[in-house]
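The chain contents come next:
Protein chains: 2
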Amino acid sequence: MSILIKDSKIVTQDEKRRILHADVYIEDGRIIEIGKISTEADFKIKNRIVMPGLINMHTHVPMVLLRGYGDDLLLEEWLQTKIWPIEAKLKEWHIAAGTKLGLLEMVATGTTTCNDMYFFEDVIASTAEKFGMRCYAGFSLIDFDTPEMKREKLVPCCEEFLKKWSGSELITPVIAPHSTYACSPETLQKARELQEKYNAFVHIHCSETRSEVYDVLKKYGRRPPAQIAAHGLLNEKTMLAHCGWITKEEVKEIARAGAAVVHNPVSNMKLATGGYAPLPELFEANAVVTLGTDGAASNNKLDMFETMKFAALIHKHHRWDATIVKAQQVLDMATINAAKFLGLNAGSIEEGKIADVITLDARAVNLIPSHNIVSHIVYAASGFNVKDVIINGKVLLHDGNFVGVDYDAIIDEAEKAKEDLVGE
Amino acid sequence: MSILIKDSKIVTQDEKRRILHADVYIEDGRIIEIGKISTEADFKIKNRIVMPGLINMHTHVPMVLLRGYGDDLLLEEWLQTKIWPIEAKLKEWHIAAGTKLGLLEMVATGTTTCNDMYFFEDVIASTAEKFGMRCYAGFSLIDFDTPEMKREKLVPCCEEFLKKWSGSELITPVIAPHSTYACSPETLQKARELQEKYNAFVHIHCSETRSEVYDVLKKYGRRPPAQIAAHGLLNEKTMLAHCGWITKEEVKEIARAGAAVVHNPVSNMKLATGGYAPLPELFEANAVVTLGTDGAASNNKLDMFETMKFAALIHKHHRWDATIVKAQQVLDMATINAAKFLGLNAGSIEEGKIADVITLDARAVNLIPSHNIVSHIVYAASGFNVKDVIINGKVLLHDGNFVGVDYDAIIDEAEKAKEDLVGE
Chain A
1 MSILIKDSKI VTQDEKRRIL HADVYIEDGR IIEIGKISTE ADFKIKNRIV MPGLINMHTH
61 VPMVLLRGYG DDLLLEEWLQ TKIWPIEAKL KEWHIAAGTK LGLLEMVATG TTTCNDMYFF
121 EDVIASTAEK FGMRCYAGFS LIDFDTPEMK REKLVPCCEE FLKKWSGSEL ITPVIAPHST
181 YACSPETLQK ARELQEKYNA FVHIHCSETR SEVYDVLKKY GRRPPAQIAA HGLLNEKTML
241 AHCGWITKEE VKEIARAGAA VVHNPVSNMK LATGGYAPLP ELFEANAVVT LGTDGAASNN
301 KLDMFETMKF AALIHKHHRW DATIVKAQQV LDMATINAAK FLGLNAGSIE EGKIADVITL
361 DARAVNLIPS HNIVSHIVYA ASGFNVKDVI INGKVLLHDG NFVGVDYDAI IDEAEKAKED
421 LVGE
Chain B
1 MSILIKDSKI VTQDEKRRIL HADVYIEDGR IIEIGKISTE ADFKIKNRIV MPGLINMHTH
61 VPMVLLRGYG DDLLLEEWLQ TKIWPIEAKL KEWHIAAGTK LGLLEMVATG TTTCNDMYFF
121 EDVIASTAEK FGMRCYAGFS LIDFDTPEMK REKLVPCCEE FLKKWSGSEL ITPVIAPHST
181 YACSPETLQK ARELQEKYNA FVHIHCSETR SEVYDVLKKY GRRPPAQIAA HGLLNEKTML
241 AHCGWITKEE VKEIARAGAA VVHNPVSNMK LATGGYAPLP ELFEANAVVT LGTDGAASNN
301 KLDMFETMKF AALIHKHHRW DATIVKAQQV LDMATINAAK FLGLNAGSIE EGKIADVITL
361 DARAVNLIPS HNIVSHIVYA ASGFNVKDVI INGKVLLHDG NFVGVDYDAI IDEAEKAKED
421 LVGE
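As they're listed, the protein sequences go chains A and B. Under this note's numbering, the first residue of the first sequence is numbered 1, with each subsequent residue one higher. Under this note's numbering, the first residue of the second sequence is numbered 1, with each subsequent residue one higher.
Bound conformation, chain A alone:
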């Protein structure tokens, strides 16, 4: 498949963060050329804002099925009366339906890579691969029976999962011990053994809530980052979701270890956890800082554009300082920072890079006038300004229309799954 994008403004996200006015030619999954180009192509696109696809570094894709099911509740009540009872009923077909809906929403709003963590991860991985989404698929390890299997089967099945998806182009298998409060030291140890054996990424919730921090401290004598570190898991292949209640010393330890922090401002605010990743201190320590939506049950969408705006504004607001987190830093979190951490040859628009590329409507009413594109992307854009989405060189959205995706079937299937789970 070849794609020619003509006469566009290109937010390269290269080392110099250049903005170019040029054409982009894509073929066989790669960005072949940037410049003045006249050639034929299977897909022609023009007059757009072109930028790297967004990388959502923490989500639970199938939880879109629980979007709006139980809001405005205290966290414990929300989990106990709403989320867990429904999760207990989950079957494979619900997961497939929810995954498709979540992928549809992510592509519609410009996400080209997601870092997922849930049950039935093999179903999620298969669905994402078929859909054409780049997915880091986190197989959950947790100390209770999941809707999918008994707890004792989790570690061996995780190992099978790592083997099965090794070498896949779009899917990267990830080990996902849930958290230090839901995983015993033994489970963390198993996760570490798998990480070493397969050189795999680990994705874990870390210090999301204040009570979690103190529960873990009370039980194990260590706060969550130290508990993760004690089992060898604080390293350059581990992604720490939230870090909402980390200390200044923990910021430095995480930075030194090279682990990635995933900031989820919308979810943290909606669940009223109080804390959120301290970006200024993390930047200061040169930590790897990335962005996520979390699941749609606590967001309630998967729009990374919205998440970028919340990320910048929550910090300005709290520190009474509009300069403390800038648009360019936030865009970096959602693109090149994540790509570099993942060792993914994407996250910027440069010749030779993998073609994970999106375009925005340059004449969208909310992106006019054209003062500063990076500002517009972070503060003014909506995911629904996205017009074209290219993942691994393949066009999934063209001029606002899905290519090779049966939109109505996905919507209907999701509604059917919802009815089965919670009634009409």
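Since the hints were made in silico from the structure, they are not lab data. The reader is advised that the hints may include incorrect statements.
Said to hold, decoys possible - In silico BS3-like links for lysine-lysine, alpha-carbon gap of 30 Å or less: (1) Lys44/B x Lys416/A; (2) Lys82/B x Lys219/B; (3) Lys46/A x Lys416/B; (4) Lys416/A x Lys130/A; (5) Lys164/B x Lys197/B; (6) Lys416/B x Lys326/A; (7) Lys416/B x Lys36/A.
Here the structure of chain A is known, so what remains is to put chain B in place on it, guided by the hints.
Here is chain B on its own, set in the frame of chain A:
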């Protein structure tokens, strides 16, 4: 013009906050019937989420021209190096161009009434009337020369403005003394005299920043709400924008006076003012609480859906309590609360009401599955889910396309104005 909306979910916002599955028939500017309806109509719409149009209670419409021009700056630097130098250059045609762009964005994202305050308000009012937007147009009174006229002409011109627009169907003239820090006691007194003489609304900035509060206290011996009250302006026809730094006692005084508070969470967060309207206390005191975007220079858009989400989340986050501000309360702020305060027979979908109505795409990927429509509107929707917009019974947006509006001409004119003001 007649409009039939078939087979839709109706978020009525009536006294009982009912959600109906029904048809809506609109004719001659009014909602005529809600029920099962079979009749012909000029416009047919079906399978939508139907809700009252949103009411943006604090904005400066033409400032869309400054969207993205100077972000991530300290407030003083932003005003002195970016906003004020450009504002000094403003001419009528820039204002007309900016107003059209702002109206286009507001209609595209579901706002049917705006409460504006700026310079050249007569141009804004004329432009809004011609466009078909319902606009409360605030003529600014301020103690310096404006780009439009010398300061001594402001009060007499404001009076002319009040007379000129009296009796207009879409435009309501409003007196807009800028603030207690930019208006002397004499100016506030003049505003009050005009308010009494014409029974007009007053729109004023109040306690937006901490330094404003202490500056006014130092200069006049009173904090801004008391200064407003001392000149007779704290009453049931006054709209107080921001109230980000008000005390618990001021909350009660504002509630007793019946003045409306306009909460602008996105602007407050982006400008890092630290404070924001304390909704829980305002609700407790039964104050009139409404919502606004502020100008796009400090937002950077005019999407009231985004503003609703920020309004709910900022309070949950700060109070560590997900129950403190609920979706229904926020939707009320953006619809029926504002309409009631304005004495506008709209803000809900009921027979006999003025037809200020919007629809959302019920099959939008981010509004699936259909657990709870009010939750979806506040937490999951985007302004770009809006498909139809009806103001005063007239269709301005139909199935996502503008009716009788030259989109490209407005975009081009806004770009031209921007180039004239700041260069390419």
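Query raised in the report: Is Lys416/B within 30 Å of Lys36/A, Cα to Cα?
Result: It holds: about 26 Å lies between the C-alpha atoms, which stays within 30 Å.
Requested in this report: Measure nothing beyond the straight line between the CA atoms of Lys44/B and Lys416/A; if it is 30 Å or shorter, mark the hint as holding.
Outcome: Between Lys44/B and Lys416/A the Cα gap is close to 28 Å, so the pair holds against 30 Å.
Query raised in the report: Are the Cα atoms of Lys82/B and Lys219/B separated by 30 Å or less?
Result: Cα-Cα ~27 Å, so holds.
Query raised in the report: Does Lys197/B lie within 30 Å of Lys164/B when you go C-alpha to C-alpha?
Result: The given pair, whose Cα atoms are some 14 Å apart, holds under the 30 Å limit.
Report task. With a cut-off of 30 Å on the C-alpha distance, tell me whether Lys46/A and Lys416/B pass. Result -> holds (21 Å)
Query raised in the report: For the pair supplied as a hint, Lys416/B and Lys326/A, is the alpha-carbon distance within the 30 Å limit?
Result: Distance of about 28 Å is within 30 Å: holds.
Requested in this report: Assess, step by step, whether the Cα of Lys416/A is no farther than 30 Å from the Cα of Lys130/A, and give holds or violated.
Outcome: holds (21 Å)
In this structure, none of the earlier numbered hints is contradicted; all agree with it.
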